[in-house]
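> Sequence:
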Amino acid sequence: MATVARYIVGGPFRPPIAHDNGFLDRYSLRAPTAGDRARYAEWSALLEGAEAVQGVPFVPHNDLPDALAAYRHFLYGRGTDRTFSYERYVAGDGSGKVTLDNAVLDFRRGVEELANGRSVAAPSSFQVTGSAIPCGSDDPDLGALFPYPITENWQKAIGAHWIWLSGSVTVGKSGLDPSFVAQMTLHAEDRYNFNPGAHDINTDIPDSANGRFEVSGLARQYMNYSTLIRMVRWKGSTTDSPTVTRVASRRERKPQDNLRARNRL
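Residue 1 is where the sequence shown starts when you use this note's numbering, and the numbers rise one by one after that.
Hints were generated in silico from the structure; no laboratory data involved.
Here the structure is a predicted model, which means the values were calculated and not measured.
Any given hint could turn out to be false.
Claimed, not checked - Think about it this way: if two alpha-carbon atoms lie no more than 25 Å apart in a straight line, the pair counts; the simulated DMTMM-like pairs of lysine to aspartate or glutamate are:
hint : residue 1 : residue 2
1    : LYS235    : GLU112
2    : LYS254    : GLU51
3    : LYS254    : GLU152
4    : LYS235    : GLU152
5    : LYS173    : GLU112
6    : LYS254    : GLU112
7    : LYS97     : ASP141
8    : LYS254    : GLU48
What the hints assert, rightly or not - FRET-style restraints, in silico, Cβ to Cβ:
hint : residue 1 : residue 2 : range
9    : ALA198    : ALA91     : 22 to 32 Å
10   : ARG26     : VAL120    : 13 to 23 Å
11   : PRO12     : ALA41     : 36 to 46 Å
12   : PRO12     : VAL120    : 21 to 31 Å
13   : SER241    : ARG37     : 56 to 66 Å
14   : PHE13     : GLN256    : 26 to 36 Å
15   : HIS19     : ASP141    : 19 to 29 Å
16   : ALA41     : GLU252    : 25 to 35 Å
17   : THR203    : GLY172    : 46 to 56 Å
Here a beta-carbon is modelled for each residue, glycine too, at the ideal position from N, C-alpha and C.
Using the sequences and the hints given, assemble the complete structure.
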């Protein structure tokens with residue numbers, strides 16, 4: 001089976017990725033009105049209230065630590081880049097696990113194709129970089145491999161996003177078959193903004209409720225970035241089950257830009 005991404009020897013090189021600009025693709029920046037400021041204060045208060053009820057049993061929307069931290073950065077971060085935890089996405093959302101599993105498989109296929117095309121005299125170790133993969137695509141086949149988040153927390157925190165894969169690979173021999181050891185890095189990125197005509201999946205609130213803050217400059221879109229690293233070992237071909245080991249061993253805590261300390265534990 002063909003790979004989803006296109007892999008080359010070398011890197012890592014960030015592949016071309018086109019992000020939309022939400023409401024700024026359609027509307028020009030303008031000065032905020034009194035109405036904009038009133039609504040901004042209202043949404044700021046809603047954020048405070050939502051943060052206050054995180055972890056409280058039986059309260060709606062009480063498990064949104066990553067989503068609320070991302071929204072707080074939208075309101076107050078002034079457009080600066082932000083780092084989020086893809087480890088938390090993989091651990092806490094079924095789509096994250098599916099995405100990682102298929103990313104590992106795609107990476108392995110790409111490595112094998114490159115290894116098979118190298119000369120006998122080529123070094124046994126080399127770098128690999130893949131093209132960008134959309135996660136949450138409307139294409140049913142691609143969307144099944146790299147699906148949209150299924151939890152409200154991650155739908156709001158990142159939604160549809162992009163990943164690309166890079167790594168260092170060593171090819172050896174296991175009897176008559178090749179063996180592969182790779183340190184694979186999954187790079188994830190998303191532009192956090194709101195889009196004309198869109199609605200929130202869980203509340204049906206139109207994106208225009210927050211899009212006005214982008215247009216008026218009261219809040220700013222920003223880039224979300226993350227990386228995840230795995231050691232991947234396999235023999236023979238991609239029909240062989242790999243050994244996949246997480247490289248980072250520290251606990252992935254909830255985002256540090258949650259307002260309340262207890263929401264960061």
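> None of the hints should be skipped; say for each whether it holds.
Structure-based check of all given hints:
| no. | hint | result |
| --- | --- | --- |
| 1 | LYS235 x GLU112 | 10 Å, holds |
| 2 | LYS254 x GLU51 | 13 Å, holds |
| 3 | LYS254 x GLU152 | 16 Å, holds |
| 4 | LYS235 x GLU152 | 38 Å, violated |
| 5 | LYS173 x GLU112 | 13 Å, holds |
| 6 | LYS254 x GLU112 | 37 Å, violated |
| 7 | LYS97 x ASP141 | 17 Å, holds |
| 8 | LYS254 x GLU48 | 17 Å, holds |
| 9 | ALA198 x ALA91: 22 to 32 Å | 27 Å, holds |
| 10 | ARG26 x VAL120: 13 to 23 Å | 56 Å, violated |
| 11 | PRO12 x ALA41: 36 to 46 Å | 43 Å, holds |
| 12 | PRO12 x VAL120: 21 to 31 Å | 26 Å, holds |
| 13 | SER241 x ARG37: 56 to 66 Å | 57 Å, holds |
| 14 | PHE13 x GLN256: 26 to 36 Å | 30 Å, holds |
| 15 | HIS19 x ASP141: 19 to 29 Å | 23 Å, holds |
| 16 | ALA41 x GLU252: 25 to 35 Å | 33 Å, holds |
| 17 | THR203 x GLY172: 46 to 56 Å | 53 Å, holds |
Against the hints set out earlier in the document, violations occur for numbers 4, 6 and 10.
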